[in-house]
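Peer 1: Next come the chains, spelled out residue by residue.
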Amino acid sequence: MKNKNKRTIIQLIAAAFTNGYIFGFLQNKIYTGNTKVMCVPGLNCYSCPGAVGSCPIGALQAVLSGRERKFSYYVFGIIMLFGVIFGRLICGFLCPFGLIQDLLHKIPIPKINVPKDIDRPLRYLKYVIAVVFVILMPIFLVNQFGIGSPYFCKLICPVGTLEGGIQLVSTNEILRSQIGFLFSWKMGILIVVVVLSIIIYRPFCKYICPLGAFYGLFNRLSFYQMEVDTKKCTGCKACERQCKMNVEILKNINSAECIRCGECKDACAFDAIKSGYKAFGKEKK
Amino acid sequence: MNILFKFQKFIILGISLAFICIGVLRQEHLAVLQKAVKICLECIGVG
Chain A
3 MKNKNKRTII QLIAAAFTNG YIFGFLQNKI YTGNTKVMCV PGLNCYSCPG
53 AVGSCPIGAL QAVLSGRERK FSYYVFGIIM LFGVIFGRLI CGFLCPFGLI
103 QDLLHKIPIP KINVPKDIDR PLRYLKYVIA VVFVILMPIF LVNQFGIGSP
153 YFCKLICPVG TLEGGIQLVS TNEILRSQIG FLFSWKMGIL IVVVVLSIII
203 YRPFCKYICP LGAFYGLFNR LSFYQMEVDT KKCTGCKACE RQCKMNVEIL
253 KNINSAECIR CGECKDACAF DAIKSGYKAF GKEKK
Chain B
86 MNILFKFQKF IILGISLAFI CIGVLRQEHL AVLQKAVKIC LECIGVG
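Residue numbers (the working numbering), protein chains in the order written: chain A, 3 to 287; chain B, 86 to 132.
A couple of the hints might just be wrong.
Quick list of the computed label-pair ranges, beta carbon to beta carbon [unchecked claim]:
id : chain 1 : residue 1 : chain 2 : residue 2 : range
1  : A       : S179      : B       : L89       : 57 to 67 Å
2  : B       : Q112      : A       : V130      : 30 to 40 Å
3  : A       : P112      : B       : I88       : 47 to 57 Å
4  : B       : I88       : A       : F73       : 27 to 37 Å
5  : B       : G99       : A       : T34       : 26 to 36 Å
6  : A       : F147      : B       : Q112      : 11 to 21 Å
7  : B       : L102      : A       : T37       : 14 to 24 Å
8  : A       : I111      : B       : I88       : 45 to 55 Å
9  : A       : S179      : B       : G99       : 45 to 55 Å
Bear in mind the hints are in silico, worked out from the structure with no lab data behind them. Using N, Cα and C, we set each Cβ at its ideal position, and we do this for glycine too.
Looking at chain B on its own, in the form it has when it is part of the complex:
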């Protein structure tokens, strides 16, 4: 447990990088891009 505690930052760093890779494989980044390159009507208070 002590070792886990000592390396907790690196563990979280590893999980976050793994999540990003899984997200890219699931093409979530394309969903983000698709939304971000159009004016978000909800965000600006129109839609």
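For reference, chain A alone in the conformation it holds in the complex:
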């Protein structure tokens, strides 16, 4: 079986596992069990009726926006733990919103390759969003009681609208009576992300996702590593042509942009790309 097909199966299992509370979907309620104390590795809103764990980005903002704590050892620790074990392998294999974008991109209409001049600077946007909307705003933009808001979830993230908002609002009269501009704004963002995902590969992961930004920092440092065997590589760049995240594989295979989908491995006729767990870093010479 090709790596691509294996990946889709793993993504489906991960999404089902992350959203395994089926009664939530049937009864239009969210899960309230103790497993929500733990964060799931991918971006998955805890207000999704099926969610059995917490979203790391939502959890981080929940702690930072509180009155008592302005740093979250717990959530940063979890993000670091996932990051050092997997890096952005999580984006490629375990993130439910990554799966949604992958499925949308399979819709057979012409695709757009974002020109490098626009693509390159836009890649830094997710770091700005991570620092400003996920960390600084929840800490410093507070009300008179010293309590902030999860500004990324509130103003940008389309995942909550898609996974929780649409179902909960359409089935709950009280929630429906409270919707206003914010809901329209978030629906607008969701529609833009959905449309863009059909024509551009994973635009949310490339340009917006703060969780991908955090995990990307660990790509070089994680136990899971990609490697080009220079003895086998002919430099044909078939891997780079195949890479939908536009990683310069021969220069920097463990780039922060690589989601470790493994399509470069499938594309290599010489079996020159390897991936797997490595305990120790290479010694500097």
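Starting from the known structure of chain A, arrange chain B on it as the hints suggest.
Peer 2: Chain B alone, transformed into the frame defined by chain A:
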């Protein structure tokens, strides 16, 4: 420095586990749970 570089993954792993323990001692996990078991109105675009 070479040894630090060689064991950097284990060092980060150790720091992350220490952070999680400190977070639990500071009861941050309860703040996460408290938020996650209620519908997050901001997340779904209502609040």
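Peer 1: Hint by hint, which ones does the structure fall short of?
Peer 2: none
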